[in-house]
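Could you build the full structure based on these sequences and the hints that come with them?
The residues making up each chain are set out below.
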Amino acid sequence: MTPILSPQGLAGLVFLGCVAATIAGAVIATSAARLIRAVAGLALCMVGVAGIYYFLGSPFVALMQILIYAGAVCVTIIFAVMLAEPHELKRVGKIHPLAGPASILAAAVLVAGLTALAGKTPWQATGCRINNGALEEVGQSMLTTYSMSFELISVVLLVAIIGSLVLARSGRSK
Amino acid sequence: MDVLALQDSLNTYLVLGAVLFGFGIYGMMRNRTFIGMLISAELVLAGASVNFMAFNRFLAPDPTVGQIFALFIMGLAAAEAAIALSIIIAVYRNFKSIDTDDVAELEG
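Protein chains in written order, with this note's numbering: chain A, 1 to 174; chain B, 1 to 108.
Think of the hints as simulated: they come from the structure by calculation, not from any bench. Just so it is clear, CB atoms sit at the ideal spot from N, CA and C, and this is done for glycine as well. Careful: at least some of the hints might be erroneous.
[Claimed, not checked] What follows is a list of derived Cβ distance ranges for each label pair:
(1) A:36 with B:96: 18 to 24 Å
(2) A:4 with B:62: 34 to 40 Å
(3) B:96 with A:124: 52 to 58 Å
(4) B:62 with A:8: 23 to 29 Å
(5) A:36 with B:87: 36 to 42 Å
(6) B:59 with A:152: 25 to 31 Å
(7) B:94 with A:13: 48 to 54 Å
[Claimed, not checked] To spell it out: a stretch of chain B is covered by chain A in this simulated footprint if at least three of its residues, at any positions, have a beta carbon under 8 Å from a beta carbon of chain A; those stretches are:
(8) 36–49
(9) 59–67
(10) 72–86
(11) 89–103
[Unchecked claim] Some chain B residues judged to face chain A by a derived CB distance under 7 Å, without partners named:
(12) 4
(13) 5
(14) 22
(15) 25
(16) 30
(17) 52
(18) 53
Structure (structure tokens):
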């Protein structure tokens with residue numbers, strides 16, 4: 001058992017806090033009655049996931065997670081909620097009687113199956129690593145080995161920007 | 001079982017990714033609005049990213065692959081959120097609602 005007042009023990013505590021934030025955020029995001037609270041839950045969940053990424057040894061991806069998800073995506077969703085939610089509590093409690101139990105059952109079966117699969121598979125650790133996965137190596141391989149996907153994703157983002165402008169523009173006179 | 005050393009085992013992260021995925025599926029089936037479904041889709045993508053980063057940390061011989069994959073997932077999720085939200089705004093303009101039940105007619 002790791003002593004709690006050692007560096008490892010404190011790191012374990014922080015890790016448990018990140019996991020708790022992630023799961024609490026996911027619960028709020030899926031079952032909140034009002035959409036704006038669900039967005040706040042999503043932001044909390046994404047900050048927790050960023051902490052998980054930090055523990056997985058890549059602070060850069062953790063910072064990008066906070067910047068893109070907790071910053072950009074959540075703010076965009078909040079704008080859409082404010083633009084397009086006229087009667088917030090109109091439909092609460094009126095879901096189909098089978099939808100609640102069926103969705104819980106489906107999600108539980110999926111989680112149990114994936115957990116059992118992860119536990120049963122004999123994962124083989126690699127013997128050697130060709131670099132230490134620092135930000136420098138990430139940048140180098142992004143612009144050499146994965147330069148094709150890098151260019152493709154910039155095209156995808158450009159098309160997404162133009163497409164969302166065109167879509168949001170149509171029917172503006174109504 | 002050592003609770004404070006959970007961050008050193010691959011299984012912890014795999015279970016966490018599975019739980020996030022399960023919450024996403026649950027929310028997508030249960031939610032009645034488009035924006036709620038979009039939030040659930042973001043949870044599914046986050047679960048997939050956690051899995052990739054975990055394999056990257058513990059198993060991959062080249063530890064940059066998982067990070068690059070997670071960055072690409074973030075880019076695609078941002079593009080998806082932008083497109084989905086502009087579709088939602090357009091639907092709201094036409095139907096004055098973002099409930100999935102009210103938007104139940106197709107026209108050519």
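Structure-based check of each hint:
no. : hint                        : result
1   : A:36 with B:96: 18 to 24 Å  : holds (19 Å)
2   : A:4 with B:62: 34 to 40 Å   : holds (36 Å)
3   : B:96 with A:124: 52 to 58 Å : holds (56 Å)
4   : B:62 with A:8: 23 to 29 Å   : holds (28 Å)
5   : A:36 with B:87: 36 to 42 Å  : violated (20 Å)
6   : B:59 with A:152: 25 to 31 Å : holds (26 Å)
7   : B:94 with A:13: 48 to 54 Å  : holds (51 Å)
8   : 36–49                       : holds (count 8)
9   : 59–67                       : holds (count 8)
10  : 72–86                       : holds (count 13)
11  : 89–103                      : holds (count 9)
12  : 4                           : holds (3 Å)
13  : 5                           : holds (5 Å)
14  : 22                          : holds (4 Å)
15  : 25                          : holds (5 Å)
16  : 30                          : holds (5 Å)
17  : 52                          : violated (10 Å)
18  : 53                          : holds (5 Å)
Hints 5 and 17 from the list above are not met by this structure, while the remaining hints are.
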